[in-house]
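Enquirer: If you want the building blocks of each chain, they are given just below.
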Amino acid sequence: MIDPILEELQRNSRSTPEELAKLFHQDAAAIAAKIQGWEADGTILGYHAVVDPERAGHTGVVAFIEVKLTPEREGGFDRIARRISKFSQVTSCYLMSGGYDLVVVVEDVNLRAVAQFIAEKLSTLEGVLSTSTHFQLKVYKQSRFTIQGESQSGRLPVVP
Amino acid sequence: MNNLASKISRQLQQIPKSGIRDFFELVQGRDDVISLGVGEPDFSAPWHIREAAIYCLESGNTAYTSNLGLLSLREEISHYVAQYFGPVYDPKTEILVTVGVSEALDLAFRALLNPGDEVIYHEPCYVSYSPSIVMAYGKPVTVHTRLEDNFALRASDVAAAITERTRVIVLNFPTNPTGAIEPVEELEKIAKLAVEHDLIVITDEIYSELIYDDSDPSKVPSHTSIVSFPGMRERTILLHGFSKAYAMTGFRLGYACAPNILTDAMMKVHQYSMLCASIIAQKAGIEALRNGAAEVEKMRHEYALRRNLMLDGFARIGIPCFPPGGAFYLFPDISKFGLSSKEFAFGLLEKESVAVVPGTAFGVSGEGCVRACYATGRAELEEALVRIERFVGTLG
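Here the protein sequences come in this chain order: X and H.
The numbers in the first sequence follow our numbering, run straight up by one, and end at 172.
The numbers in the second sequence follow our numbering, run straight up by one, and end at 1247.
Take these hints with a grain of salt, some might be off.
Calculated lysine to any residue pairs in the SDA-like style (CA-CA distance at most 25 Å, straight line) [unchecked claim]: (1) H/K1149 <-> X/S25; (2) X/K153 <-> H/H899; (3) H/K1070 <-> X/E84; (4) H/K1070 <-> X/K153.
According to the in silico footprint, chain X covers these stretches of chain H (three or more CB under 8 Å from chain X) [said to hold, decoys possible]: (5) 869-876; (6) 887-896; (7) 967-981.
These are calculated hints, taken from the structure and not from any lab test.
Yeah, the Cβ is synthetic: ideal placement off N, Cα and C, and Gly gets one too.
Same shape as in the complex, but just chain H:
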């Protein structure tokens, strides 16, 4: 067995390792680093949610659940989704509980794609979109968003990318890594395109609750999902989960809402691969949806203040940064310093021990920017700003 590498499937060999990985290795093991490189809340899951998980274990609830997930959880999801996003999904047939949105995304691609089918998605984006499409034998088709648009997606760019092989459009607003939100007018145009070309839309709504008003941190702006436009419910797979809003990343809990034919197909993959999400996570999810709103708002409010703090800091230092409408990331434009985003991030880590992620880790259109996550304590953010200021001071 000399050439093990040749035993790896060709399909997988062509997928590059995540660009974020090298950077991770570099940061790992250094204890002086202030990391703005994380992609998860710094809060632990609220206590009442953890307590529900503990109670689940205490009462001996340790078995498999229905492949679809606990019906009581699906009922809560149905209720919540109707309230927050608009459409009503039947908890018995149109909701599938998954191991995070990542699994749901994988299921959706595997359920929908024939080899060579094209999937349009916008970049910069979460690192797994393109590989997940490729692993499902689809063809990733990138539409680039632009700094000048605050990384919103132009419907005209989507239209230009549509071919006869296009099957799916993937949307993620608010976006990781840019924090961008999509103007309702553009969203409506994209919805029309989907209807006109008979396409499926997968909307990754994981950051939907983390949205901010520019003038008032206490104000929760309204969120519009593409699923709420005419003709969209029947062609949309709405993906959501508990990781970001409820600070439950490690629970690995997500869900998909879609017309029954689609959830049925996804369910086929899910039941043969994952079987079901952990019952402990599911019980915690029920508690989160029933009683978690106040805690979500508390965390959202804190992120809103930190977002202001960081925007203020970047403005003071002289690093241009648009005020993103959601998530917990800023995507400042560092191009004026004459370094690539990778050089900037590596330099900042090397000289000042602050970790930000190069924009290019999220696609070529992230060049010139870095992702700075503000899901970190205020004192650390303040210190990070001081260090960043010192670093850019040396760049002249």
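Isolated chain X, as found in the complex:
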């Protein structure tokens, strides 16, 4: 089972060991050591703010690219998937079941830049059979956060 403190950090990575100590009634120093351990062994990969791209003034484009691959005799899809993941434009990369093999999420400054990345880098990689690109038009929910969330329910201030 996943450690509840790690779960809590996935919801709110800004929680400090002191805050977590209050929530879980555990020693703050022990929690800090735990977190350091996760950071060191790669369990925690990093921290970032989840932003509404529109409000943040994000002008770039995001594309979801379906990629078909030829698996290799040794290693299957891993070597090529890792290779694709190294490009800085690639923000996520997943191996999928179904009609294609990878979903590669690419972010770049504009459409032309994404097209260039696909034409010059992605498609030309040995083992890549075909790509099919879908551009993101609007974000409704991002990393568990709905954009334009709900208005707070109008609870009465005092209820028996």
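Fit chain H to the known structure of chain X by using the hints.
Expert: Just chain H now, with coordinates in the frame of chain X:
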């Protein structure tokens, strides 16, 4: 028509208005208040449950249901109750769907009481117990629970309150307003008393899912209801509903499980007064019971963390507070500040705009304590703690 007041029934005139009402008026309309005075979740009902209600409307399901409630809902209830509480109830004859537990409680009293019959219940308690008993022409008999027992109920106190006129014992664990849970040994003794004196037990289980382990917020402790003891199923009315665990307060949906003779009697009152619970709420209830467990656990876990946060805060400030095993309330002991619970609550509201409910709103034995509900966002709870600390700092 000059003296309209005299037209009100004497029975009703003798019932005082809820003590919480004055306080509500005071808080109402102030927008700077952090309210720890609520008695409901801050979450909206989980989306899949709301979606089921919307679908019910979309598909034109807007008619009355059976007086007992939709059979499919009663089947889900039967399944859930068997799993969570133990006893198996026949969905066709032993389950009645009501408009919240409040209605079910009213039905039970009206079904059971003859004028002057005594009903034993424990205080501090939910505000409607005593008035509901009186409105059913019964006599409320209060047994006080004590801070030194963490507001658990002593079976010996129940025994001492039993007379020849006693008909019913009402239990509510976890308790609103204290969050208390009842030790299994005491529960067993109370069960024996009920059997020995041939009494009916009404157990209000509305907070049953919201229970906490002191050392591990992820751990769900087991819950024991009085209905699971020998000889109890045949004399217990188990009341439960969707308001707290599923954050469905506004749906107004509850139910009663009991032997057929009892649900039949309650049904008589229900069919002539309420007819049936809203079909929309009932459809939402089916969805809640079928697919709601994960959401319930998510909310329970969040309450567990907030409970720790608040207990930690009160300890830091120096306000004694026992760690209650359930519900979403803390019942801190503010007696050392030399104020009554009402003075403390009014002072805190006045000076620091934090609303807590005076313990006395839930009965005289709540004196010296206030009810602080932690079903509110963590940031607000943190801010409330800062303000409470500042307030008690001025009390010396």
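Enquirer: All the hints need checking, so say for each whether the structure fits it.
Expert: Each hint tested on the structure:
| no. | hint | in the structure |
| --- | --- | --- |
| 1 | H/K1149 <-> X/S25 | holds (18 Å) |
| 2 | X/K153 <-> H/H899 | holds (16 Å) |
| 3 | H/K1070 <-> X/E84 | violated (45 Å) |
| 4 | H/K1070 <-> X/K153 | violated (30 Å) |
| 5 | 869-876 | holds (count 4) |
| 6 | 887-896 | holds (count 6) |
| 7 | 967-981 | holds (count 3) |
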